[in-house]
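Trainee: Spelled out from the first residue to the last, the chains are:
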Amino acid sequence: MVVGDFANEVDVLVVGGGPGGYVAAIRAAQLGRKVTLVDKGELGGVCLNRGCIPSKALITAAERVQQIKEADRMGIRVNGDIAVDLPELMNWKDGVVKKLTGGVGTLLKGNKVDVIKGEAYFSGPDTVRIATEKDSQTYQFKDCIIATGSRPVELPSLPFDGKRILSSTEILSLQELPKRLLVVGGGYIGLELGTAYRKLGSEVTILEGTDSLLPGVDPSLVRMVTRKLKKLGVTVVTGAMVQGGESSEDEVRVTAQVKGEEKTYAADVVLVAVGRKPNTDELGLEQVGIQLDERGFIKVDKQLRTSVPHIYAIGDVAGGALLAHKASYEGKVAAEVIAGMPSEVDVRAMPFVIFSDPEIAYTGLTEQEAKEKGYDPVVSRFAFQANGRALTMDSADGFAQVVADKESKQILGVQIVGPEASTLISEAVLAIEMGANAEDVSLSVHAHPTLPEAVMEAAEGVLGQAIHMVKK
Amino acid sequence: RRRRVPAAPSTRRLARELGVDITQIKGTGSQGRVTDEDVRRAAAALQE
Ligand SMILES: Cc1cc2nc3c(=O)[nH]c(=O)nc-3n(C[C@H](O)[C@H](O)[C@H](O)COP(=O)(O)OP(=O)(O)OC[C@H]3O[C@@H](n4cnc5c(N)ncnc54)[C@H](O)[C@@H]3O)c2cc1C
Numbered sequence: 477m478v479v480g481d482f483a484n485e486v487d488v489l490v491v492g493g494g495p496g497g498y499v500a501a502i503r504a505a506q507l508g509r510k511v512t513l514v515d516k517g518e519l520g521g522v523c524l525n526r527g528c529i530p531s532k533a534l535i536t537a538a539e540r541v542q543q544i545k546e547a548d549r550m551g552i553r554v555n556g557d558i559a560v561d562l563p564e565l566m567n568w569k570d571g572v573v574k575k576l577t578g579g580v581g582t583l584l585k586g587n588k589v590d591v592i593k594g595e596a597y598f599s600g601p602d603t604v605r606i607a608t609e610k611d612s613q614t615y616q617f618k619d620c621i622i623a624t625g626s627r628p629v630e631l632p633s634l635p636f637d638g639k640r641i642l643s644s645t646e647i648l649s650l651q652e653l654p655k656r657l658l659v660v661g662g663g664y665i666g667l668e669l670g671t672a673y674r675k676l677g678s679e680v681t682i683l684e685g686t687d688s689l690l691p692g693v694d695p696s697l698v699r700m701v702t703r704k705l706k707k708l709g710v711t712v713v714t715g716a717m718v719q720g721g722e723s724s725e726d727e728v729r730v731t732a733q734v735k736g737e738e739k740t741y742a743a744d745v746v747l748v749a750v751g752r753k754p755n756t757d758e759l760g761l762e763q764v765g766i767q768l769d770e771r772g773f774i775k776v777d778k779q780l781r782t783s784v785p786h787i788y789a790i791g792d793v794a795g796g797a798l799l800a801h802k803a804s805y806e807g808k809v810a811a812e813v814i815a816g817m818p819s820e821v822d823v824r825a826m827p828f829v830i831f832s833d834p835e836i837a838y839t840g841l842t843e844q845e846a847k848e849k850g851y852d853p854v855v856s857r858f859a860f861q862a863n864g865r866a867l868t869m870d871s872a873d874g875f876a877q878v879v880a881d882k883e884s885k886q887i888l889g890v891q892i893v894g895p896e897a898s899t900l901i902s903e904a905v906l907a908i909e910m911g912a913n914a915e916d917v918s919l920s921v922h923a924h925p926t927l928p929e930a931v932m933e934a935a936e937g938v939l940g941q942a943i944h945m946v947k948k
Numbered sequence: 067r068r069r070r071v072p073a074a075p076s077t078r079r080l081a082r083e084l085g086v087d088i089t090q091i092k093g094t095g096s097q098g099r100v101t102d103e104d105v106r107r108a109a110a111a112l113q114e
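Residue numbers (this note's numbering), protein chains in the order written: chain A, 477 to 948; chain B, 67 to 114.
Do not take every clue at face value.
Within a straight-line C-alpha distance of at most 20 angstroms, the following computed SDA-like cross-link-like pairs (lysine to any residue) qualify [what the hints assert, rightly or not]:
1. A/510 <-> A/487
2. A/704 <-> A/909
3. A/778 <-> B/80
4. A/532 <-> A/627
5. A/778 <-> B/99
6. A/618 <-> A/484
7. A/593 <-> A/487
8. A/778 <-> B/70
9. A/882 <-> B/72
10. A/882 <-> B/70
11. A/885 <-> B/70
12. A/516 <-> A/724
13. B/92 <-> A/909
14. A/639 <-> A/724
15. A/510 <-> A/639
16. A/808 <-> B/76
17. A/885 <-> B/99
18. A/947 <-> A/855
19. A/516 <-> A/539
20. A/808 <-> B/75
Hints were generated in silico from the structure; no laboratory data involved.
Excised from the complex, chain A in its bound form (with noise of 0.2 angstroms):
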């Protein structure tokens, strides 16, 4: 420490207030803990500024156009155009975020919980530097928990320009609907706000380095989503590796290399979302000798422990799913270690979830997955065309699946593709976590006529009874 600088005692520091840093501040607070967070940005992090939160507020907007375009089958004639006044959407969309925000502040603040906004930077192995707009000065800490986030990759060949060659966090601010829009990267994010952006008007193009939209989802939850973006008339191309681009005055220029042969994409505007990578290059890790992974994610136990013990580590920068209810679950585990508790990290069924069109979620083991871990699967599908309150929707393209162990008919894991599949997938976690078996939910009540029927339904499958489904 330099001479005649003050170090403030702080007990538990908090860096970063996203879903995992805030909700492990609470946490630790409402566990008796003195609790100082510190962000440099807004409260709620990526999620709730520039992430979930706006992404789908433009999802639910862009639906809604959809759904009066649609809605002429329904003898709902609407005359004229639909205008969609995207200033106003943004406005909209900014005032969700900003209760939101407002109310993790407040929050914060009936905790009890001490809030600064400032960068930090570790000093030594319990010191931080905070700058602020006014000073910098250093706390020292007993307890530490990194939660500094993510943030988007750039492509070298593709910078960010800020104007026409844009990362998630500028696509969803735009002031001016692009008349063709271009999406590298066919990952969820791309994929959701290039179909958002679809339905609010735009020409879209997704270019997907793999052969298929979504790697790493199950391909037959895929194949439904696939078919609605070409009913949509979204171009998808798939195995495209893009080598570069320029922005000019009116446009900007993509070249990729497509299955052996360059082709050129002009676009008002580019999307670029090819990943995210740790916000661990900033804060001073080497020099209290915090382990990174391969990938430059912070290693953690269980306890989501560093490899320094006392300080923890949440969240996207823990690496794992990048998920905001992942982080938050993170957060509560290491606030209640860190309080003594023996918490750690027990999760049977995480949650998946995609806000296509159609909705993708799915939790626990696939088939293949059931199999490779040594169990005889069964796996009984049900689909949404023979589920009332879908067509009521007028949205039955999908269905719901579960898989589950043949001898103890355990349920392992579910997939579903459909309308409002994100809600539908909590009754699943809650099966898989609780033990339960097909039995179990087939002999649970569901409301009659309600989605979730279908999962129950999915679920007699299992047994061979389901009532509406004729057995193969």
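Fit chain B with the ligand to the given chain A structure using the hints.
Mentor: Coordinates of chain B with the ligand only, in the frame set by chain A:
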């Protein structure tokens, strides 16, 4: 292959709190479910 012990999240937490390894417990619940009682019994046995 080691089967997953069927046990609710709260029961798994209880096992951690009482310092017992849930994979070593034979559940007495339906279809071998490990109950809170099973965990407490195993913890008591460890005490002896
Ligand atoms: C477009 C998009 C859509 C998404 N949609 C979903 C979704 O629907 N569902 C879902 O589960 N996930 C979604 N995600 C992912 C989700 O946003 C992240 O998994 C989640 O935000 C991770 O939370 P976190 O707390 O680990 O970190 P972040 O949310 O990244 O927060 C980290 C915080 O740390 C701060 N920080 C960083 N470095 C420092 C420093 N040195 N000093 C002080 N503060 C610092 C940052 O300012 C930031 O506020 C989406 C992401 C994107 C980009």
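Trainee: Are the hints correct? Go through all of them and say.
Mentor: Quick rundown of the hints versus the structure:
With a C-alpha separation of about 5 angstroms, the suggested pair residue 510 of chain A and residue 487 of chain A falls inside the 20 angstroms cut-off, and the hint holds. Taken as a hint, the residue 704 of chain A and residue 909 of chain A pair is broken in the structure, with Cα atoms around 33 angstroms apart against an allowance of 20 angstroms. For the hint linking residue 778 of chain A to residue 80 of chain B, the alpha-carbon distance of about 17 angstroms falls within 20 angstroms, and the restraint holds. For a cut-off of 20 angstroms, the pair hint linking residue 532 of chain A to residue 627 of chain A stands: about 19 angstroms separates their Cα positions.
Of the supplied pair hints, the one linking residue 778 of chain A and residue 99 of chain B is violated, its CA atoms being roughly 24 angstroms apart against a limit of 20 angstroms. Between residue 618 of chain A and residue 484 of chain A, the direct Cα distance comes to roughly 12 angstroms. Compliance with the 20 angstroms bound is thereby established for this hinted pair. With a C-alpha separation of about 18 angstroms, the suggested pairing of residue 593 of chain A with residue 487 of chain A holds against the 20 angstroms cut-off. Between residue 778 of chain A and residue 70 of chain B the CA atoms are separated by roughly 18 angstroms; this keeps the pair inside 20 angstroms, and the hint holds.
At most 20 angstroms may separate the alpha-carbon atoms for a hinted pair to count; residue 882 of chain A and residue 72 of chain B meet this at roughly 15 angstroms. Proximity of residue 882 of chain A to residue 70 of chain B is assessed by CA-CA distance (about 15 angstroms); at most 20 angstroms being required, the pair is judged to hold. For the suggested pair residue 885 of chain A and residue 70 of chain B, the alpha carbons sit about 13 angstroms apart, so the restraint of at most 20 angstroms is met. Straight-line distance between C-alpha atoms of residue 516 of chain A and residue 724 of chain A comes to about 34 angstroms, which puts the hinted pair past the 20 angstroms bound.
Using a Cα cut-off of 20 angstroms, the hinted pair residue 92 of chain B and residue 909 of chain A holds, with the two alpha carbons roughly 18 angstroms apart. Taking the CA atoms of residue 639 of chain A and residue 724 of chain A, the gap is about 10 angstroms. The hint holds against a cut of 20 angstroms. Taken as a hint, the residue 510 of chain A and residue 639 of chain A pair is broken in the structure, with Cα atoms around 44 angstroms apart against an allowance of 20 angstroms. Among the hinted pairs, residue 808 of chain A with residue 76 of chain B is consistent with the structure: their alpha-carbon atoms are about 15 angstroms apart, no more than 20 angstroms.
Between the alpha carbons of residue 885 of chain A and residue 99 of chain B the distance comes to roughly 13 angstroms, so the proposed pair stays at or under 20 angstroms and holds. At most 20 angstroms may separate the alpha-carbon atoms for a hinted pair to count; residue 947 of chain A and residue 855 of chain A meet this at roughly 13 angstroms. Taking the CA atoms of residue 516 of chain A and residue 539 of chain A, the gap is about 34 angstroms. The hint is violated against a cut of 20 angstroms. The straight-line distance between the Cα atoms of residue 808 of chain A and residue 75 of chain B is roughly 15 angstroms, inside the 20 angstroms bound, and the hint therefore holds.
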